[in-house]
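Could you slot chain B onto chain A? The hints should help.
Chains as they are written, first to last, in my numbering: chain A, 1 to 138; chain B, 1 to 109.
Don't read these hints as lab results, they were simulated from the structure. Backbone N, C-alpha and C define an ideal beta-carbon position, used for all residues, glycine too. There may be inaccurate statements among the hints.
[Said to hold, decoys possible] With a straight-line cut-off of 25 Å between C-alpha atoms, the simulated SDA-like cross-links for lysine to any residue are:
1) B/Lys-49 - A/Val-36
2) A/Lys-14 - B/Glu-27
3) A/Lys-63 - B/Tyr-23
4) A/Lys-53 - B/Thr-51
5) B/Lys-48 - A/Pro-13
6) A/Lys-53 - B/Arg-29
7) A/Lys-53 - B/Asp-19
8) B/Lys-9 - B/Met-33
9) A/Lys-63 - A/Thr-8
10) A/Lys-88 - B/Ser-91
11) A/Lys-62 - B/Glu-27
12) A/Lys-14 - B/Glu-15
13) A/Lys-122 - A/Gly-58
14) B/Lys-48 - A/Leu-37
15) A/Lys-14 - B/Asp-19
16) B/Lys-49 - A/Val-18
17) A/Lys-53 - B/Glu-27
18) A/Lys-25 - B/Met-85
19) B/Lys-92 - A/Ser-95
20) A/Lys-132 - A/Gly-93
21) A/Lys-135 - A/Leu-29
22) B/Lys-49 - A/Asp-33
23) A/Lys-14 - B/Ile-84
24) A/Lys-132 - B/Phe-90
25) B/Lys-69 - A/Arg-94
26) A/Lys-25 - A/Lys-135
27) A/Lys-63 - A/Ala-86
28) B/Lys-49 - A/Thr-24
29) A/Lys-14 - B/Ile-5
30) A/Lys-25 - B/Glu-86
31) A/Lys-25 - B/Pro-82
[Stated by the list, open to error] A short, non-exhaustive set of chain A residues, derived as facing chain B with CB atoms under 7 Å:
32) Pro-13
33) Lys-14
34) Leu-16
35) Asp-45
36) Glu-46
37) Thr-49
38) Leu-104
39) Gly-105
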Amino acid sequence: MKDFISITIPSHPKYLSVVRDITTKFGELNGLDESVLNDIKLAVDEACTNVIKHAYRGDTTKKILITYEVKPQTFKAVIEDSGIRAQKNLIKGRSLNDIRPGGLGIHFIRRVFDTFTFDDSKKKGNRLILIKHMKGKG
Amino acid sequence: MILCIADVKGKKIIEISGDIDMYSSPELREELMKLIMKKTPSMFVDLKKVTYIDSSGIATFVEGLKCMKSYGGRLKLCNIPPGIMEIFNFSKLDRVFEIYESIDDAISN
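Just chain A, same shape as in the assembly (with noise of 0.2 Å):
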């Protein structure tokens, strides 16, 4: 079994509780554990956050694709962009022991989904392919 949906949303902030909502029904027809759906939920909202952030610079007027899939053992987001590239090496969250406003949403990503890779065959923007293994189902 294979399921998949694709959603584009502009990039204004307003549109992340969309993201979030398509997130958890998404996961949830796909028979997802709440407290999985949840971190994941945060970790999708993180990465599109980022993307309107970091990709667009706060250009609202712009898209954001994001891709589900679901397999036996294994749940994916993609999520794409047009914006500028990101700078894989500066990718990195702040210490947890170091307390200041920013710096969180990787680490939200990266407890959850155990790969974050970018695409780098991806000509113009980003591709970020996450993948989430599921213990127990299938």
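Frame of chain A; chain B shown alone:
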């Protein structure tokens, strides 16, 4: 997100409902900063009705806390739902904020 700010016997109580995310956190920040500019000595933030928080929301509270500490003010978080508390714990912010089970507890401490 809906913000309700009340003054109870000179104490500022901020009740927040709904989602705190990149879209809503600027409004929260603006309201916190208004109170901080007046050097409000204590703020009690009631999170009972908060349904979601992301890193933008967390950053807003961290910034507020740092600003308040600079003049000796205190920012107290109350009634944190389990799902939101889990985020504070993961971020190690449960060690940084004053966290109480209720507004009454926070006021009496």
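To see whether the hints hold, each was checked on the structure:
1. B/Lys-49 - A/Val-36: Roughly 22 Å between the alpha carbons, so the hint for B/Lys-49 and A/Val-36 holds.
2. A/Lys-14 - B/Glu-27: Cα-Cα ~13 Å, so holds.
3. A/Lys-63 - B/Tyr-23: holds, 16 Å
4. A/Lys-53 - B/Thr-51: holds, 23 Å
5. B/Lys-48 - A/Pro-13: holds, 24 Å
6. A/Lys-53 - B/Arg-29: Holds, at roughly 17 Å.
7. A/Lys-53 - B/Asp-19: Holds. A/Lys-53 to B/Asp-19 sits at ~19 Å (cutoff 25 Å).
8. B/Lys-9 - B/Met-33: Within the cut-off at roughly 21 Å; holds.
9. A/Lys-63 - A/Thr-8: Roughly 7 Å between the alpha carbons, so the hint for A/Lys-63 and A/Thr-8 holds.
10. A/Lys-88 - B/Ser-91: holds, 23 Å
11. A/Lys-62 - B/Glu-27: holds, 23 Å
12. A/Lys-14 - B/Glu-15: Roughly 21 Å separates the two Cα atoms, so the pair holds.
13. A/Lys-122 - A/Gly-58: holds, 22 Å
14. B/Lys-48 - A/Leu-37: Distance ~21 Å between B/Lys-48 and A/Leu-37 Cα, so the pair holds.
15. A/Lys-14 - B/Asp-19: Between A/Lys-14 and B/Asp-19 the Cα gap is close to 11 Å, so the pair holds against 25 Å.
16. B/Lys-49 - A/Val-18: It holds: about 20 Å lies between the C-alpha atoms, which stays within 25 Å.
17. A/Lys-53 - B/Glu-27: This hinted pair holds, its Cα atoms lying about 17 Å apart.
18. A/Lys-25 - B/Met-85: holds, 23 Å
19. B/Lys-92 - A/Ser-95: At roughly 10 Å apart (the allowed maximum being 25 Å), A/Ser-95 and B/Lys-92 satisfy the hint.
20. A/Lys-132 - A/Gly-93: holds, 20 Å
21. A/Lys-135 - A/Leu-29: Within the cut-off at roughly 18 Å; holds.
22. B/Lys-49 - A/Asp-33: holds, 23 Å
23. A/Lys-14 - B/Ile-84: holds, 21 Å
24. A/Lys-132 - B/Phe-90: holds, 19 Å
25. B/Lys-69 - A/Arg-94: holds, 21 Å
26. A/Lys-25 - A/Lys-135: holds, 20 Å
27. A/Lys-63 - A/Ala-86: holds, 16 Å
28. B/Lys-49 - A/Thr-24: Within the cut-off at roughly 19 Å; holds.
29. A/Lys-14 - B/Ile-5: holds, 23 Å
30. A/Lys-25 - B/Glu-86: Measuring from Cα to Cα gives roughly 22 Å; hence the hint holds.
31. A/Lys-25 - B/Pro-82: OK: A/Lys-25 and B/Pro-82 at ~21 Å, within 25 Å.
32. Pro-13: holds, 4 Å
33. Lys-14: holds, 5 Å
34. Leu-16: holds, 5 Å
35. Asp-45: holds, 5 Å
36. Glu-46: Result: holds, 6 Å to nearest chain B Cβ.
37. Thr-49: At about 5 Å, which falls below the 7 Å cut-off, the nearest Cβ of chain B leaves the hint on A/Thr-49 intact, so it holds.
38. Leu-104: holds, 4 Å
39. Gly-105: holds, 4 Å
When held up to the earlier numbered hints, the structure conflicts with none and fits them all.
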